[in-house]
Amino acid sequence: MSAEADIAASGKPLLTVEHLTMRFGGLVAIDDVSFQAADERITSIIGPNGAGKTTVFNCLTGFYKPDVGRLVLHHPNGDFLLERMEGFLIARNASIARTFQNIRLFPRMTVLENLIVAQHNVLMRASAFTLGGLLGSARYRDAEEEAVDLARYWLDRMGLTDQADWEAGNLPYGDQRRLEIARAMCTKPVLLCLDEPAAGLNLRESAELNELLVFIRDEHRIGLLLVEHDMSVVMGISDHIVVLDYGRKISDGTPDFVRNDPAVIRAYLGEEEDGEEGYG
Amino acid sequence: MAYFTQQLINGLTLGSIYGLIAIGYTLVYGIIGMINFAHGEIFMIGAFISIIAFLVLGILGVTWIPLALLIVLIATMILTPVYGWALERVAYRPLRGSPRLAALITAIGMSIFLQNYVQLVQGARIKPMQPVISGGFEIMREGSFTVALSYLQILIFVVTVVLMVVFTLVIARTELGRAQRACEQDLGMAALLGIDVDRTISLTFVMGAALASVAGLIFLINYGVIDFYIGFLAGIKAFTAAVLGGIGSLPGAMLGGLLIGLIESFWSAYFTVEYKDVAAYSVLVLVLIFRPTGLLGKPDIEKV
Numbered sequence: 001m002s003a004e005a006d007i008a009a010s011g012k013p014l015l016t017v018e019h020l021t022m023r024f025g026g027l028v029a030i031d032d033v034s035f036q037a038a039d040e041r042i043t044s045i046i047g048p049n050g051a052g053k054t055t056v057f058n059c060l061t062g063f064y065k066p067d068v069g070r071l072v073l074h075h076p077n078g079d080f081l082l083e084r085m086e087g088f089l090i091a092r093n094a095s096i097a098r099t100f101q102n103i104r105l106f107p108r109m110t111v112l113e114n115l116i117v118a119q120h121n122v123l124m125r126a127s128a129f130t131l132g133g134l135l136g137s138a139r140y141r142d143a144e145e146e147a148v149d150l151a152r153y154w155l156d157r158m159g160l161t162d163q164a165d166w167e168a169g170n171l172p173y174g175d176q177r178r179l180e181i182a183r184a185m186c187t188k189p190v191l192l193c194l195d196e197p198a199a200g201l202n203l204r205e206s207a208e209l210n211e212l213l214v215f216i217r218d219e220h221r222i223g224l225l226l227v228e229h230d231m232s233v234v235m236g237i238s239d240h241i242v243v244l245d246y247g248r249k250i251s252d253g254t255p256d257f258v259r260n261d262p263a264v265i266r267a268y269l270g271e272e273e274d275g276e277e278g279y280g
Numbered sequence: 001m002a003y004f005t006q007q008l009i010n011g012l013t014l015g016s017i018y019g020l021i022a023i024g025y026t027l028v029y030g031i032i033g034m035i036n037f038a039h040g041e042i043f044m045i046g047a048f049i050s051i052i053a054f055l056v057l058g059i060l061g062v063t064w065i066p067l068a069l070l071i072v073l074i075a076t077m078i079l080t081p082v083y084g085w086a087l088e089r090v091a092y093r094p095l096r097g098s099p100r101l102a103a104l105i106t107a108i109g110m111s112i113f114l115q116n117y118v119q120l121v122q123g124a125r126i127k128p129m130q131p132v133i134s135g136g137f138e139i140m141r142e143g144s145f146t147v148a149l150s151y152l153q154i155l156i157f158v159v160t161v162v163l164m165v166v167f168t169l170v171i172a173r174t175e176l177g178r179a180q181r182a183c184e185q186d187l188g189m190a191a192l193l194g195i196d197v198d199r200t201i202s203l204t205f206v207m208g209a210a211l212a213s214v215a216g217l218i219f220l221i222n223y224g225v226i227d228f229y230i231g232f233l234a235g236i237k238a239f240t241a242a243v244l245g246g247i248g249s250l251p252g253a254m255l256g257g258l259l260i261g262l263i264e265s266f267w268s269a270y271f272t273v274e275y276k277d278v279a280a281y282s283v284l285v286l287v288l289i290f291r292p293t294g295l296l297g298k299p300d301i302e303k304v
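As they're listed, the protein sequences go chains R and L.
Here the first sequence stands for residues 1 to 280, where the numbers follow the working numbering.
Here the second sequence stands for residues 1 to 304, where the numbers follow the working numbering.
Honestly, I wouldn't trust all of these hints.
What the hints assert, rightly or not - Facing chain L, a subset of chain R residues (Cβ under 7 Å, in silico):
#, residue
1, G87
2, R98
3, Q101
4, F106
5, H120
6, L123
7, Y246
8, R248
To be clear, the hints were calculated from the coordinates, so they are not data collected in a lab.
From a predicted model like this one, the values you see are computed outputs, not experimental measurements.
By construction, the Cβ of each residue, glycine as well, lies at the ideal position given by its N, Cα and C atoms.
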């Protein structure tokens, strides 16, 4: 419980999850989980397979409606109760962006277009619901230019500038992962949720990923919520870790605290003592 | 040669109508993967709204033909989509996420409903209309046979081409089109980027209905008679056209429409009128056997 104090000390809360419970028939996927994620910090959710990590994400982004619980996003524009919002409003108003374990780009759009479509709402407003776009209004052209600039910025950062006109489905796997993160960032989120971003990456790529996530935290000053199995990513960059097991929270705190928490070691390794590099 | 040219012109006129309707099928299929079998009825309603608009204009004394046509075009393009929008809102949206068969049966039900609705409200008798545009060019003469290209046919081509270009641009260039293409590829992900998926789907129905309404207007002024049942055959033909061109593909729908129109008119001209539908559907069967995705459709690769 030192964790709660830690967050308060290290950053202002961005996301508050209270008593989240999600059942599928008789299966309790998440059982009364509460935690906080702070602004400008990287919060990781870890746990063995089937612990309910992705389900937490699905509740946050409106795919599932939780049975019990409150999900509050402390947005600069005010608090949003996520469990009551429709999916697209969570992205549009509460500014939560998300990536997937199995990448979900728009494969038959170009790389650049994937990043433009992420700025849909800005462009829609600027084009007065599309009419302006058709007539080529100045306001729409400016907005589109800005959108392309933002897209170019992320393409540069990801090293994808040369592939801007490729169909996204033709990119190599590692590039697709980075493009998905770039697309999420183009929505200008306040909270970025990443579902196993290191899955399928080699060592070098996952080191680059670490760097990228830290860059996003420090330069773009947003909160990151991470579900991850790769402990080199989790332990390397997390400011705060929440550990789930069978849908329950078993530990919550700084990487050092969690690493040495007997409950975590038990969940991962049975009755071993040294959980330093525990793999899920 | 002259006879051939004349059939070509007739075929293209007919094909324009099919193409305009087929776009509605293909857009809706592309975005939510259902065949909107009530779309033919939207076309029929477009024709009815056009004839009513002509009558109202006649009563008001608007007799200058170009102005009347323009007003009717705008009226039907605004009023018919209301039906398309309501159709989606009332009948299809509540079923989203249910098995495909449920949506399909609902579509057929809505088709029957709309037919009967128009029959009740407008009566079952055929509705004739005076030709609004007459005259044309004689572009070729061979013996006693003259090839005529009427002003009406020119107008039909121009309107069709303009509309197809505009709608292609909307989908390729505008923000709405981009959202539609995103929804087509991944509805859930589009929502996660803040795209209002429900509204995008509604607007797709509205666009399809707007094009079908123009097809209805063209049908009305080209043939001069309509009844509550015209939507059925035209709808099936346009659906055939969309499948022929590759359902989900916009250029495919236009191409398919033109091909079905040409096949029909050439078959009627050189073989028998009675079997023109057989000819059109036979081509469909052949295409489906040898190229199941249609002429311009891309094979749908199942993702793991």
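Which of the stated hints cannot be reconciled with the structure, identified by number in ascending sequence? Structure breaks hints 3, 7 and 8.
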